[in-house]
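J.: Make a model of the complete structure from these sequences and hints.
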Amino acid sequence: MYATYVIWTRHMRKFVQQTEELVGLALQSVLWVVLFGVGMRGMISDVGGSDYMSFILPGIIALSALGGAVGGGMVLLDERLRGIVKEYLAAPIPRLSILLGSAASTATKALLQATLMLIVGLLMGARLAINPFGWIGALILLAIFAIGFSGLALGVAAVSRSIAGYHGMIFLFNLPLLFASNALYPLEVLPGWMRAIVLINPATYLIDAVRALAFGVDATLPLWASGLVLAIFAAASMAFALALFRRSLRG
Amino acid sequence: MTELAVETIGLVKRYGMLTALDQVHLQAPAGQIYALLGPNGAGKTTLLSILTTLLPPTSGSARILGYDVVRDASEVRRRIGVTFQEMVLDPLLTGRETLDFHGRLYRLPASVRRQRIAELVELVQLTDAIDRPVKSYSGGMKRRLELARGLMTDPQVLVLDEPTQGLDPQNRVNIWSYVRDLNRRRGMSILLTTHAMDEAEALADLVGIIDHGRLIVTGRPSDLIASLGSDVIRVRGSGDFQHLATVAGTVDGVSRVETDPAGGLALIYTDNGSRRLPAVLNTISNNGFAIEDVTLARPSLGDVFLHYTGTALRD
Ligand SMILES: Nc1ncnc2c1ncn2[C@@H]1O[C@H](COP(=O)(O)OP(=O)(O)OP(=O)(O)O)[C@@H](O)[C@H]1O
Ligand SMILES: [Mg+2]
Chain A
1 MYATYVIWTR
11 HMRKFVQQTE
21 ELVGLALQSV
31 LWVVLFGVGM
41 RGMISDVGGS
51 DYMSFILPGI
61 IALSALGGAV
71 GGGMVLLDER
81 LRGIVKEYLA
91 APIPRLSILL
101 GSAASTATKA
111 LLQATLMLIV
121 GLLMGARLAI
131 NPFGWIGALI
141 LLAIFAIGFS
151 GLALGVAAVS
161 RSIAGYHGMI
171 FLFNLPLLFA
181 SNALYPLEVL
191 PGWMRAIVLI
201 NPATYLIDAV
211 RALAFGVDAT
221 LPLWASGLVL
231 AIFAAASMAF
241 ALALFRRSLR
251 G
Chain H
1 MTELAVETIG
11 LVKRYGMLTA
21 LDQVHLQAPA
31 GQIYALLGPN
41 GAGKTTLLSI
51 LTTLLPPTSG
61 SARILGYDVV
71 RDASEVRRRI
81 GVTFQEMVLD
91 PLLTGRETLD
101 FHGRLYRLPA
111 SVRRQRIAEL
121 VELVQLTDAI
131 DRPVKSYSGG
141 MKRRLELARG
151 LMTDPQVLVL
161 DEPTQGLDPQ
171 NRVNIWSYVR
181 DLNRRRGMSI
191 LLTTHAMDEA
201 EALADLVGII
211 DHGRLIVTGR
221 PSDLIASLGS
231 DVIRVRGSGD
241 FQHLATVAGT
251 VDGVSRVETD
261 PAGGLALIYT
271 DNGSRRLPAV
281 LNTISNNGFA
291 IEDVTLARPS
301 LGDVFLHYTG
311 TALRD
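Top to bottom, those sequences are chains A and H. Reminder that position 72 of the first sequence reads as 72 in this note's numbering, one-by-one numbering, no gaps. Reminder that position 208 of the second sequence reads as 208 in this note's numbering, one-by-one numbering, no gaps.
These are calculated hints, taken from the structure and not from any lab test. Heads up, a few of these hints could be off.
Claimed, not checked - Computed, partial: chain H to chain A, Cβ under 7 Å:
(1) LEU55
(2) THR58
(3) ARG77
(4) ARG78
(5) VAL88
(6) LEU108
(7) VAL173
(8) TRP176
Just so it is clear, CB atoms sit at the ideal spot from N, CA and C, and this is done for glycine as well.
T.: Structural data, given as structure tokens:
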């Protein structure tokens, strides 16, 4: 949809203009990787047959995409509360394009951030698989994942009445996403009940697939299944966001 | 039959228990300036939100240039330009980016966008500021930019919600002159809301008075005013307004007395104000009413408002 593209360019224009946001995001990426890398490497030398840096990077990348999605929801909420969305709503464009434009800009930022993190990770000793198709596949999955979480954040943003309310709601599902996933520990070491919970979390599929595609680790879950789960998740969460957004417009 | 720019039939909007619009039948002919005049909370913004497809009606229907705002929403959106009551501008974008982005949303080709921006910037006198970020604009400049944005798509119907709210007199008069120009030169149909009667008098071909969600009366400002009588004696003061109305009504040549005790105001309509003034003042001050201030004038739209709603229009 053309309107999605137009709205995406507006978000990106603002993004590149805001030096603080740019620098903040870059520093944050570097810090995450450096802190995890330096702090943990001393303790843990090797997880599931790969070095710790390569093991932890996909998780950090997934989590920073989550942070990006939360920020994308914030932008929608801010535009809603200040009335800026009215400009979109009175224009001859589909409602969905407003949400997709926002999700696409979140995904773009997540990709930039991931690239930066990978570079820092490599400098710190992570070992990337020599397979450009794998890297591209991993980035595509990351984009789909970012769109999925944007959908959830946008849905919450569409119905929140205040910034505090939004953060309260987001916090509810942000924390479990970090710990109830394979980001920090391999799937095999988890007890059965925990594994069941972790397998509900879309982040688990992304992290597993990225480990396999970009770092050459053996996949725990079939790649096609991870791709399918992520695609379904993204579609469902955008549908969720659209339903809530429409509901908020009924007045 | 003349073409209608805006038509609503039995339009109702409820927010929960609150009825914000109550059976509104409105007809605004194409090519004219229609002003909706009403106090805070009258339902003006609600009505415009429905007309601009932002809000669905509870019942009844509304059409813009014959297109239903619910069923043919995208046809309506293509044909209207809007400015909202609150300023809705992105502070980080420049004026030019704001206009350009708006044009792109409506799929205007780059050459058309460039040309329109050049024209509009001239029209609303923002030439010097157009490449600065909007956050550096004054309130009046922001309003003018918003007006330009509403005009980017060369709309057939322009909808303005309180276009001069919060502006200084000079900016107000500027906006008035742009609005008049657009209407006279390009034949643009314009629907605007205001709670300032001087604005309605200065601009409107047709005025609709709205209060508590009901469209109470519609007409040309001059007709509405003429229907009240030839002269009005406006008396401000304190005392028993009911008694004042009774005694003043008995004075020769007085056709009607209207009072707004809360506002400390009485309007005494006469056939000839300057001739009846002494007798009227004599009668009411003899009856214990303390007069603070008297003016003699032709009736205004404000008096029309008081006549139809029973309270003065305060802003
Ligand atoms: N989203 C909403 N939810 C509930 N009530 C609302 C909502 N929007 C408006 N109202 C109420 O509906 C009534 C009409 O409001 P509206 O904003 O249309 O008035 P208005 O004529 O534009 O007033 P103003 O001159 O202050 O802008 C008011 O009583 C208002 O409190
Ligand atoms: Mg209003």
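J.: Now tell me, hint by hint, if it's right for this structure.
T.: Hints versus structure:
1. LEU55: 5 Å, holds
2. THR58: 9 Å, violated
3. ARG77: Constraint on ARG77(H) satisfied, holds at 4 Å.
4. ARG78: Interface hint status for ARG78(H): holds (5 Å vs cutoff 7 Å).
5. VAL88: Holds: closest Cβ of chain A sits about 4 Å from VAL88(H), inside 7 Å.
6. LEU108: Status violated, d = 11 Å.
7. VAL173: Status violated, d = 26 Å.
8. TRP176: The hint is violated - TRP176(H) has no Cβ within 7 Å of chain A, the shortest such distance being about 23 Å.
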